[in-house]
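Protein chains: 2
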Amino acid sequence: MGIKTAKRRWTALLGIKNARFSATARKPYERTTFATDVEAGGVLKVTTKQQLQQIITIANDESVPIYPISTGKNFGYGSKVPTHHGAIVVDLSGMNKITRFDEVHGTLSVEPGVTFEQVHRFLTAQNSEFSIAGTGSTPTSSLIGNALERGIGKGLASNRIDNICHLEVILANGKCIHTGLGRFDNAKGKDMTKLGPGPLLDGLFTQSNLGVVTEMTFWLTPIPKAFTTFVYCLKDDSTLPQVIDALRVLKQRDILRSSTTLFNDHRILGYMGKYPWDLCDGSRSLTDDEIKIALQRSLPVVGKWYGDGALFCHSRAQAKADIKLIKDALGGLVSNLIFFREPYVSIASKILRFINKFSRKPFVDPTEIYFRKSMYLGHPLPITQTLGSTYIRKRINVPAASQIDPDKDKCGTYWMGPIVPFEGKDIESATQIIKEVITGYGYEPAMTLQCISARQIDIIISISFDRELDGEDANAKACHDTLLQKLYQAGYYPYRLGNQSQTRLPAPDDDYLQFVTTIKKALDTNNILAPGRYDFTAQAAPPIDVHKSNKAVP
Amino acid sequence: MGIKTAKRRWTALLGIKNARFSATARKPYERTTFATDVEAGGVLKVTTKQQLQQIITIANDESVPIYPISTGKNFGYGSKVPTHHGAIVVDLSGMNKITRFDEVHGTLSVEPGVTFEQVHRFLTAQNSEFSIAGTGSTPTSSLIGNALERGIGKGLASNRIDNICHLEVILANGKCIHTGLGRFDNAKGKDMTKLGPGPLLDGLFTQSNLGVVTEMTFWLTPIPKAFTTFVYCLKDDSTLPQVIDALRVLKQRDILRSSTTLFNDHRILGYMGKYPWDLCDGSRSLTDDEIKIALQRSLPVVGKWYGDGALFCHSRAQAKADIKLIKDALGGLVSNLIFFREPYVSIASKILRFINKFSRKPFVDPTEIYFRKSMYLGHPLPITQTLGSTYIRKRINVPAASQIDPDKDKCGTYWMGPIVPFEGKDIESATQIIKEVITGYGYEPAMTLQCISARQIDIIISISFDRELDGEDANAKACHDTLLQKLYQAGYYPYRLGNQSQTRLPAPDDDYLQFVTTIKKALDTNNILAPGRYDFTAQAAPPIDVHKSNKAVP
Chain A
57 MGIKTAKRRW TALLGIKNAR FSATARKPYE RTTFATDVEA GGVLKVTTKQ
107 QLQQIITIAN DESVPIYPIS TGKNFGYGSK VPTHHGAIVV DLSGMNKITR
157 FDEVHGTLSV EPGVTFEQVH RFLTAQNSEF SIAGTGSTPT SSLIGNALER
207 GIGKGLASNR IDNICHLEVI LANGKCIHTG LGRFDNAKGK DMTKLGPGPL
257 LDGLFTQSNL GVVTEMTFWL TPIPKAFTTF VYCLKDDSTL PQVIDALRVL
307 KQRDILRSST TLFNDHRILG YMGKYPWDLC DGSRSLTDDE IKIALQRSLP
357 VVGKWYGDGA LFCHSRAQAK ADIKLIKDAL GGLVSNLIFF REPYVSIASK
407 ILRFINKFSR KPFVDPTEIY FRKSMYLGHP LPITQTLGST YIRKRINVPA
457 ASQIDPDKDK CGTYWMGPIV PFEGKDIESA TQIIKEVITG YGYEPAMTLQ
507 CISARQIDII ISISFDRELD GEDANAKACH DTLLQKLYQA GYYPYRLGNQ
557 SQTRLPAPDD DYLQFVTTIK KALDTNNILA PGRYDFTAQA APPIDVHKSN
607 KAVP
Chain B
57 MGIKTAKRRW TALLGIKNAR FSATARKPYE RTTFATDVEA GGVLKVTTKQ
107 QLQQIITIAN DESVPIYPIS TGKNFGYGSK VPTHHGAIVV DLSGMNKITR
157 FDEVHGTLSV EPGVTFEQVH RFLTAQNSEF SIAGTGSTPT SSLIGNALER
207 GIGKGLASNR IDNICHLEVI LANGKCIHTG LGRFDNAKGK DMTKLGPGPL
257 LDGLFTQSNL GVVTEMTFWL TPIPKAFTTF VYCLKDDSTL PQVIDALRVL
307 KQRDILRSST TLFNDHRILG YMGKYPWDLC DGSRSLTDDE IKIALQRSLP
357 VVGKWYGDGA LFCHSRAQAK ADIKLIKDAL GGLVSNLIFF REPYVSIASK
407 ILRFINKFSR KPFVDPTEIY FRKSMYLGHP LPITQTLGST YIRKRINVPA
457 ASQIDPDKDK CGTYWMGPIV PFEGKDIESA TQIIKEVITG YGYEPAMTLQ
507 CISARQIDII ISISFDRELD GEDANAKACH DTLLQKLYQA GYYPYRLGNQ
557 SQTRLPAPDD DYLQFVTTIK KALDTNNILA PGRYDFTAQA APPIDVHKSN
607 KAVP
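Protein chains in written order, with our numbering: chain A, 57 to 610; chain B, 57 to 610.
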């Protein structure tokens with residue numbers, strides 16, 4: 057393997073500042089929120105498409121595998137670490153131009169390094185009437201990275217992959233193609249449609265190792281004139297199936313058009329970042345009583361599940377009619393169903409903030425309201441909730457937004473997202489499996505139910521632990537592997553894979569493996585592009601060594 | 057080429073009734089709504105997936121190209137005629153089972169031979185709360201065929217390709233794969249999501265020759281509790297750009313959620329099927345005055361453009377609020393904006409039918425209202441409007457629904473559908489090109505503006521002529537080819553191709569051709585599957601011989 061020659065040629069191309077192979081330079085690309093012994097062979101920092109094409113040519117010439125990342129904020133799934141031992145990380149965060157913006161049609165085209173924060177600043181500066189569905193992750197994450205992993209946002213365009221088009225892709229042979237109408241330079245609709253004569257290729261480059269996406273167009277949502285959010289609470293698990301069935305009907309009927317979410321008590325505790333160390337030493341899951349006490353310390357309402365949603369309405373009458381239909385459907389099943397209508401929510405929030413200054417226990421948490429509003433309208437404040445929750449088992453305070461770094465701070469976290477039919481009985485059975493397995497290993501079964509369509513709920517699970525404690529890396533890994541297996545055996549397959557799970561799916565029941573192998577071989581003869589990333593050609597999942605936790609089950 | 061051996065083996069497999077190669081048997085597969093000299097090598101009628109796999113094996117062994125069709129109702133684009141001279145048509149209309157139906161999630165899985173009519177009967181028999189977006193084509197057309205060509209329906213799920221998942225595909229090597237979660241037999245969400253870990257493959261098998269789709273799942277829409285349709289009229293072309301811009305804002309804001317359409321006067325005349333032979337002998341386009349007179353004979357309101365839309369609301373208040381927003385946006389720009397609310401529309405329609413019995417000129421055409429309602433809720437009556445319009449230049453009456461056969465009756469028709477950005481100025485410029493070219497060749501510039509998203513309008517154009525008149529085949533072909541070229545030169549590329557246009561696109565501006573060639577070669581080594589169908593590997597468009605019509609321009 058011509059690794060030496062490759063390094064020399066890459067250095068000549070990019071300069072020693074941008075082609076780095078030392079242990080220090082490699083370090084940030086070798087650590088994530090769980091144990092890994094995969095080494096990065098080095099890092100190449102790229103700022104132009106032409107550089108990327110030349111890097112790929114060299115990789116082919118010298119048969120050295122590369123692993124492209126956008127901004128690498130893939131926390132809980134492997135961060136910046138390659139899926140192949142020794143692969144050279146190609147860091148595209150320097151390709152950070154907003155390349156096109158159209159205020160008439162609400163389209164925005166970006167390079168891989170462009171972040172949510174950057175887009176928010178840009179749209180604000182443009183005084184745009186459009187917003188982008190917010191991300192639950194850090195505002196410094198990449199739009200393209202998020203879309204390619206099929207990330208879920210908040211808002212009307214929450215299922216991000218449904219709201220993109222016109223990908224520019226550099227292939228493993230260095231050639232460049234455009235999806236949709238993009239192959240014709242003069243096509244007027246190229247940023248406005250996924251369609252175009254001939255096979256559609258967008259999907260082929262998501263969750264795949266078949267090409268490097270260097271540009272993508274996102275579809276924005278107009279800021280609604282009568283924006284309304286709502287929250288509600290479920291006191292216990294007993295009504296969850298009925299609530300899910302009621303939400304499904306609201307989604308099917310297109311009454312609840314934007315994303316809607318349910319968070320369980322463990323997830324909310326993680327967002328608050330206040331683990332009750334006085335009640336439990338973190339060696340086991342919190343009991344129902346303990347989590348209730350912990351939540352009571354900060355929240356006005358304590359429950360098992362917290363729901364939220366938003367109405368993107370454009371008149372008061374429209375919002376009123378939708379609210380009525382939602383109240384009719386959910387009112388009898390949930391408690392504390394509250395709607396916040398603009399502009400009242402902004403005013404009320406200000407008043408509440410003032411009252412809360414003098415109250416030990418806030419009536420309603422205004423930060424929460426603001427958090428939701430900014431999420432739905434894609435205006436990321438320096439939020440810390442999601443990433444902050446990875447610190448839940450750490451005996452340190454969650455750092456300030458700019459300092460949060462779960463990889464460096466050894467916050468243990470595995471994320472996992474099984475796809476579950478939008479039906480009460482399925483949610484009941486899947487959440488039961490999750491609770492049993494995770495508490496069996498002594499962790500908090502933190503769950504978010506992302507209702508991404510009228511038919512599909514992704515249960516976003518995190519397993520959080522302290523990587524600095526002996527045995528925790530191995531115990532958490534066993535927990536992750538067991539849970540993944542138990543879920544797919546029950547028919548609930550993950551919507552996304554991480555470095556921890558790329559080879560952990562069972563063998564397909566059809567000729568799929570042969571098909572993807574054929575495609576991969578045809579497009580990447582030397583297998584230089586991200587080997588092991590969504591690459592099912594290697595093998596089916598090895599049998600899992602279920603070395604059951606010996607911790608006390610609460 | 058082992059064509060003789062292939063025929064013998066196919067006959068042994070299917071029997072002489074289902075493997076036919078005589079001129080008589082081939083005839084229906086060799087005629088369409090325009091001139092073609094492509095011959096079908098024969099026809100194989102298939103009823104099972106296993107038969108299809110064996111047919112493909114034989115095709116590979118003997119290197120004989122095959123051309124699969126669903127029900128072959130691809131009128132205006134080539135009907136059942138292969139794209140490759142001598143290819144054997146594989147007729148899948150006998151694979152007509154509804155394989156799965158789920159009333160909870162509103163999903164329906166079908167084989168290629170299942171028609172819209174059949175699904176309507178099925179859902180009615182099930183007393184289902186769901187409906188499928190209706191088709192503008194004949195009710196005897198295939199759901200799968202329609203979806204794979206990216207057909208557009210009416211209703212909430214009008215962009216059909218956005219509302220399908222879980223394709224079963226037989227590849228050119230006879231292997232079988234499933235898209236989405238379908239590769240895992242036990243996956244509970246496989247009919248509920250397009251997603252699943254790894255690259256998404258659905259798009260690859262639409263408008264392509266990379267596989268034969270033998271099963272597909274469709275997502276249905278619940279029948280709304282407060283269904284409302286509306287119609288309006290534009291007296292002339294001058295306000296069209298403003299109306300388009302207003303409609304875009306309504307679509308962007310998700311106020312107008314279902315499909316919405318504008319039909320021009322020539323299109324409406326086609327639907328009515330009453331060409332004014334007393335005013336014009338069909339040797340030139342109708343003048344503005346003539347078409348006005350022709351429309352006046354049947355319609356209470358005469359205009360240049362007729363718009364329609366529907367509100368899938370679930371309460372009276374919701375419908376009222378939406379109607380208000382639509383009136384505010386369109387009211388000042390259009391005339392005769394009328395909303396029909398259920399149950400009033402059914403009652404009113406009955407009364408009008410009664411009144412119309414005694415009136416020479418009907419006040420509002422109730423058939424039109426019924427037609428729209430049935431279309432939106434996917435309940436196809438034996439409608440004749442769309443296919444009937446292909447008879448506009450024939451001096452015979454449109455046959456009864458069951459007898460309509462444009463191929464056999466030598467109704468000349470080319471369909472074409474350029475993708476245009478959803479903006480007044482683009483619609484103005486594209487419709488201008490269409491009018492100029494089509495009237496230049498002496499035909500009616502019949503257009504439907506299908507607003508398929510907030511960003512995209514497909515202008516559905518038909519060029520109708522009488523194939524039995526001397527010179528018409530050649531003149532209409534020149535008209536089609538010129539129009540296609542002028543439109544793409546202006547940046548408006550077709551959403552779909554027919555046998556008439558498969559090789560008429562310009563060369564792409566990137567490495568797309570090399571990419572699709574690589575994929576095709578990898579998946580279909582012997583090039584046996586539908587060569588020439590969305591197969592851009594052959595060549596770019598040849599220069600068009602613009603032998604301008606010598607007919608009088610009105």
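Rather than coming from a laboratory, the hints here were simulated on the basis of the structure. By construction, the Cβ of each residue, glycine as well, lies at the ideal position given by its N, Cα and C atoms. One or more hints might be untrue.
[Said to hold, decoys possible] Calculated cross-link-like contacts (lysine to any residue; reagent style SDA-like; alpha-carbon spacing at most 20 Å): (1) 244(A) / 479(B); (2) 577(A) / 301(B); (3) 244(A) / 231(B).
[Stated by the list, open to error] The following label-pair restraints were derived from C-beta to C-beta distances: (4) 484(A) / 241(B): 41 to 47 Å; (5) 387(A) / 230(B): 53 to 59 Å; (6) 230(B) / 292(A): 52 to 58 Å; (7) 154(B) / 392(A): 55 to 61 Å; (8) 372(A) / 91(B): 34 to 40 Å; (9) 380(B) / 387(A): 22 to 28 Å; (10) 400(A) / 413(B): 52 to 58 Å; (11) 349(A) / 241(B): 43 to 49 Å; (12) 526(B) / 242(A): 36 to 42 Å; (13) 182(B) / 291(A): 36 to 42 Å; (14) 573(B) / 453(A): 45 to 51 Å.
[Stated by the list, open to error] Over 10 Å on every C-beta distance to chain B, these chain A residues come out as not near it, computed from the model: (15) 60; (16) 68; (17) 183; (18) 242; (19) 308; (20) 329; (21) 353; (22) 357.
Hint by hint, here is what the structure shows:
| no. | hint | in the structure |
| --- | --- | --- |
| 1 | 244(A) / 479(B) | holds (11 Å) |
| 2 | 577(A) / 301(B) | violated (47 Å) |
| 3 | 244(A) / 231(B) | violated (39 Å) |
| 4 | 484(A) / 241(B): 41 to 47 Å | violated (23 Å) |
| 5 | 387(A) / 230(B): 53 to 59 Å | holds (56 Å) |
| 6 | 230(B) / 292(A): 52 to 58 Å | holds (54 Å) |
| 7 | 154(B) / 392(A): 55 to 61 Å | violated (44 Å) |
| 8 | 372(A) / 91(B): 34 to 40 Å | violated (59 Å) |
| 9 | 380(B) / 387(A): 22 to 28 Å | holds (25 Å) |
| 10 | 400(A) / 413(B): 52 to 58 Å | holds (55 Å) |
| 11 | 349(A) / 241(B): 43 to 49 Å | holds (45 Å) |
| 12 | 526(B) / 242(A): 36 to 42 Å | holds (38 Å) |
| 13 | 182(B) / 291(A): 36 to 42 Å | holds (37 Å) |
| 14 | 573(B) / 453(A): 45 to 51 Å | violated (58 Å) |
| 15 | 60 | holds (30 Å) |
| 16 | 68 | holds (26 Å) |
| 17 | 183 | holds (17 Å) |
| 18 | 242 | violated (5 Å) |
| 19 | 308 | violated (5 Å) |
| 20 | 329 | holds (31 Å) |
| 21 | 353 | holds (38 Å) |
| 22 | 357 | holds (29 Å) |
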